[in-house]
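If you read the sequences in order, they're chains A and B. Residue numbers for the first sequence follow the working numbering, beginning at 7 and rising by one. Residue numbers for the second sequence follow the working numbering, beginning at 414 and rising by one.
Hints listed in this document are in silico derivations from the structure and should not be mistaken for laboratory results. Note that the structure is a prediction, hence the values are computed from the model and not measured. Ideal placement from N, C-alpha and C gives every residue a C-beta, glycine not left out.
List of simulated lysine-lysine pairs, DSS-like, C-alpha gap at most 25 Å:
# : chain 1 : residue 1 : chain 2 : residue 2
1 : A       : K87       : B       : K454
2 : A       : K63       : A       : K87
3 : A       : K63       : A       : K74
4 : A       : K87       : B       : K453
5 : B       : K449      : B       : K435
6 : B       : K449      : B       : K432
A few chain B residues facing chain A, derived, Cβ under 8 Å:
#  : residue
7  : P455
8  : L456
9  : L458
10 : V461
11 : E469
12 : L503
13 : T515
14 : Q516
15 : F518
16 : G519
17 : P520
18 : G521
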Amino acid sequence: GQNIDQPTEMTATEGAIVQINCTYQTSGFNGLFWYQQHAGEAPTFLSYNVLDGLEEKGRFSSFLSRSKGYSYLLLKELQMKDSASYLCAVKAEGQNFVFGPGTRLSVLP
Amino acid sequence: ETGVTQTPRHLVMGMTNKKSLKCEQHLGHNAMYWYKQSAKKPLELMFVYSLEERVENNSVPSRFSPECPNSSHLFLHLHTLQPEDSALYLCASSPGLAVRGTQYFGPGTRLTVL
Chain A
7 GQNIDQPTEM
17 TATEGAIVQI
27 NCTYQTSGFN
37 GLFWYQQHAG
47 EAPTFLSYNV
57 LDGLEEKGRF
67 SSFLSRSKGY
77 SYLLLKELQM
87 KDSASYLCAV
97 KAEGQNFVFG
107 PGTRLSVLP
Chain B
414 ETGVTQTPRH
424 LVMGMTNKKS
434 LKCEQHLGHN
444 AMYWYKQSAK
454 KPLELMFVYS
464 LEERVENNSV
474 PSRFSPECPN
484 SSHLFLHLHT
494 LQPEDSALYL
504 CASSPGLAVR
514 GTQYFGPGTR
524 LTVL
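Chain B extracted, bound-state conformation (with noise of 0.2 Å):
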């Protein structure tokens, strides 16, 4: 399944380090997710995208800054994280917020916060 990759898949980073995750969609879907997965705790939707414009912002600390240049990307952009923002992170996509249709899911980046 390469309908969504992300890149990194692992990444480990100190708390003063500025990095990106990326995350690109080959499924023509209009709206696109962040996602936060600790173990032993439900998936988190951090924030949501729809046709580029942002449409949902789960009271994610400002640590996490989110950007969509175009429908098939999503980025989201980390500085000065804490070793409790280590966790699995999650792209997904899907046809659209009004749409019938799943999500489908990129592999996610193993980010490691020291």
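So here's chain A without its partners, still in its complex pose (with noise of 0.2 Å):
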């Protein structure tokens, strides 16, 4: 089967950082990605992981250790506007896309 399990909610302070996890079994692995979805809103691309490590764009990291099934989105520079909830997603057997419960993120000021 495929299981992609993340927190459910998640509160942190303008200016700080905040770490995302993300766990996955899948049939099949193809890449990982993070999105973010604005409540409302489509989800939006933020990053893919295919190999293990860090890729950093900007504010945002994404890691990924595919032996543990783990991955983690960062967040660094917290602003209001990050409020929004990030979807783990990887691409499985098949080629098709299996979406986690999502993290609805809360910045406060």
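The task is to assemble the complex, starting from two chains supplied on their own in separate frames and drawing on the hints.
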């Protein structure tokens, strides 16, 4: 079966750093994606990992360990506009995307 | 971001109505997807099309009927829906099933079934 786990909710303070974890068990692995989704809007692409290690893109970084079935999204210098849901997704067997339940992040002033 | 468009953005329908959702992508992609997003549940993949051929149907009830007339357009035909079908329906496209690349999502259609 396919299973992706993420914390349901997280809270952090403006200017701080937050790490959102994702663990996965899927049939096949062809990459892991992170998306940001503001309430009532479509998910937008943040990052992609297919090899182990850290990918950095501005204030956002994503890490992957394929042997552990684990990834995290690191958000630095948090801003109020970062309040959103963050979706972890794996491109699994058959090239289909399997999504986690999403982590709702609230950034407080 | 106007790469993937969806119409209508909001739809209210009765259980006996027939309606269609439309999706159009302007990215030159070869794969298109329909997802259902219900409150507090993960995105659920409904259908996948690659080069206009359906390649995935995740046990979706027959009251949902997809159509892909060409690689730029995707429809979801709805008939005799149930109230539990109320959700956000998202369309997405990607370069191709076996091609490295992410999915790009449309803004979604918020469907309410009365």
